[in-house]
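Trainee: Mind assembling these two chains? They're in different frames, but the hints should get you there.
Chains A and B, in that order, are what the protein sequence lines are. Going by my numbering, the first sequence opens with residue 1, and the numbers climb by one from there. Going by my numbering, the second sequence opens with residue 261, and the numbers climb by one from there.
Because the hints were derived from the structure by calculation, they are not lab data. Note that the structure is predicted; figures quoted are calculated from it, not measured. Virtual Cβ for every residue (Gly too), placed ideally from N, Cα, C. Warning: the hint list may mix true and false statements.
To be verified - Computed footprint of chain A on chain B; a stretch qualifies when at least three of its residues, placed anywhere within it, have a C-beta under 8 Å from a C-beta of chain A:
1) 268-275
2) 282-293
3) 357-365
Unchecked claim - 20 Å max Cα-Cα, derived EDC-like pairs, lysine to aspartate or glutamate:
4) B:K366 x A:D58
5) B:K357 x A:D120
6) A:K184 x A:D205
7) B:K522 x A:D55
8) A:K13 x B:E518
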Amino acid sequence: MIRIENLSKRYHKQHGSDWVLKDINLEIPANVSVGLIGRNGAGKSTLLRLIGGMDAPDRGHIHRDCRVSWPIGLGGGFQGSMTGRQNVRFVARIHGSGEDMHDTIRRVEEFAEIGRAFDDPVRTYSSGMRARLAFGLSLAFDFDVYLSDEATAVGDRLFKAKAQKAFQDRIGRASIIMVSHQEKILRDLCQAGVLLEGGKATWYDDIADAIAAYHLEPTERQKDKRAAQQQALQQRAATIAARKAAREAAALRRRPREEK
Amino acid sequence: MTLSTRTPWQVTRSVWHAMFLREVVARTMADRMAWFWMLVEPIAMIAVMVAIRAFVMGRARHINGADFIPWLLLGLFGFFLFRENMMRSIGAPEANKGLFAYRQVKPIDTVLVRCYLEGLLKTFIFLMFVLAGLLLNVDLTPDYALQALFAWLSLWSLGLGAGLVFSALAGLAPEFGRIVKIATLPLLIISGVIFPLNFLPESLLYYLMLNPIAHGLELFRASFYAEYRVVPGTSLLYLWWWTLGSIALGLMLHLRFEMRLKRQ
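The following block holds chain B by itself, in its conformation from the complex (with noise of 0.2 Å):
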């Protein structure tokens, strides 16, 4: 084969090509049920926790303007998003060293593939479940379409930047990805995924809604159902100072230090 001078561009497209491929045979194909609990683990999940729900808390279930079930998949979805791109993202570099012999490779890359998929399978599955609410005559149809996909868009993109983040911090430093690790159940409960978080009072609420996961959710239960009380002081402002903040974070510390990344 002959090769061409090509342009960085060309360079970086082929290799994001042939690092899409790898890692969908890698994430589809890895042990033979892969792509079955891809679609079980969240059903799986979800019954989990309306189990969890109904026995803790049995009164306090109403919620204004939407019924328990959708609006506890939707916040579970919205933060599977968020946490699997994070999560996966930690460990992409990793799991491609023996690819960075080739110096078209860069960690960046792998972290921004793995997004990339992460995202794609995330939203087919989560289609699916709208396909299958629609069936089974259960309400999980957005109100407002094109809000609902930027809300989920937001998070994804939330999700990129904390992974672009941790996985140069735990490439560094590998208590960084223990941290996350350890943080995301806690991470779960106060982003209001199982419990609303207008229960609590103003003053704590101040500090919870700092957390930028807990607007994404609201404002992407808030597309779903037209009559959605969100949470006061939801704002898509500050969700977007978050993402572009980390995402601009994240592209600094792989530029800094991609020689160490690579490394390792």
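This is chain A alone, in the form it adopts within the complex (with noise of 0.2 Å):
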């Protein structure tokens, strides 16, 4: 289970610093696999940062009393510098891994399919390589909680179905958290979504409904906008009109002295 207490987040930015995030609070129970939808910069990816402790809040706390994995995602996880192989080693080093280390590799290796580029710099890769690979690796370890910032958004058709099959195998053991504009996946694979909008986030039980909430609200907000523009024009039609009115009373006004 993952408990968010009043969470907060901002950006130091050098035009001053809006909240990304503001008084957040959620519990995400164990098992239950959630989807992240809100608009880019919402703060999606943010709150998974967050989540996966790759960043501090400013204030609130998040409690986390199960292994959760890190965001895994287009951002990074890999250093450009060392080999795909090398990267691996090192994750699997860091979470402490002895003997098995070979068998994690070569897993790792099996899952992504990258060939004789596992052993070339992770920054020659495509950036479906990099999500093969940081997939891959993920899954090598049993995590109860996988943090997917659009882990599969780069992948091919057949990747995506990979990674698909493999946490639908893991399903009743393992949850994910996601965030993802695909809204196929993440009707298959979350159960409860949370729609994250100026800052503010709201949990839905079911995926379908904040993804109907997300359809929703831009709409509206487009309706009203609409709406406002429309107003707007009309103000400054009967401006304009109001002007011209009083410009030729002023010129009928002015006629009478000229002539004399």
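Mentor: Below, the structure written as structure tokens:
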């Protein structure tokens, strides 16, 4: 179970700092997979990084009483100058594997299926290859909760199917907290959903409800925006008309004098 | 692989183990000749320094109680031990940035491991020189071996302290790294590596001996030659105040700014 209490986070920038997340309270039960939904910049990845312990919140606490993975995704997790194999070795070592390290490496190599590139520096990889390696690496360890930040977004069809199957095999033993804009994957893998908007988080017991809410809001907002625009236009037309009338009135008043 | 909850110490140890192996590979296999240059660089450096000394101040070559070339060699090795610890530490968090994705890895681990590795490599290379000195009949064996070891360790610790402080500061403001880089050459001169400080007037010496590196180098040399006369005011205690002070400050900075160093 992961419990988030009064969590707030902001990043300091040169032009002031807004709260990315503000007073978030969530309780993610064990064995419930959650999809984080929100627009770009809503704080999904930030929340995931905080849950993964990569970053510290400015206020509040996160209680983890289970084994949580690092956020798997495009962002990083690999040292570009090291080969894929060296990166895998490093991660296996920091997670304390002893004799079973060779077994771990073999499993990652088999899952990633990137062939001889496994011994090339990671900075030469394509984003799809990185995703394959990152995914394979995280699956080599038995975490209770996997954090995924668009980990499958760039993979090809086969890889996506494979990744999905790997997770479905683990249902009951492990859960996933994922950030994704692919609604199909969210519906397939998650039960619950969290919608992030304006620094606030809303919990939905059913992922379908969260996705529906996510769809609803922008259109509502657009409707509002359109109405506001219409109103502004009307107002402007009104002021222009008023000015015109005033000018004509002034001109009318001036004319008799000119005639004199 | 199944995971069990480990104690913080077990986690830290496995991080150091992994990081050490990663750094060894990066340091010795970075380019084709990395290990070759490790040995040739100090030789070339010493040759250049000897040449400079021979031309610039041919007459004032006499140093009380020690031969000139071994004296210079000890100074260079001691100084490089300090300098490399400091300079390599500054680059350490940046060079391992990709690995901070794992919450087990902290910026301070990269600094500690780099300093440890640097100490091992420098010690090994220095021992090679001592061995060569034995074969060539150059007096490079310490008269007080334990004191020599301790002085070597003191210089290493001072470098570790400086490395901890400046790696944290350079993470907060990169200008610090640049300033330190600029300062190393003047530091080489005022620490009495090439020119003996004994020739300087007392009034100037007072200020130069505020620099802890000079104390470390003098003590290091004194342990090699029983008759060597150290610069007046040389103090092991003063050196260790600096060492312990900078290590404490460095640890505090790393503790306080850990997250900012990770993000950079």
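Trainee: If a hint holds in the structure, say so; if it does not, say that too.
Mentor: Going down the list of hints, with the structure as the test:
no.: 1; hint: 268-275; in the structure: holds (count 4)
no.: 2; hint: 282-293; in the structure: holds (count 3)
no.: 3; hint: 357-365; in the structure: holds (count 9)
no.: 4; hint: B:K366 x A:D58; in the structure: 19 Å, holds
no.: 5; hint: B:K357 x A:D120; in the structure: 19 Å, holds
no.: 6; hint: A:K184 x A:D205; in the structure: 17 Å, holds
no.: 7; hint: B:K522 x A:D55; in the structure: 8 Å, holds
no.: 8; hint: A:K13 x B:E518; in the structure: 18 Å, holds
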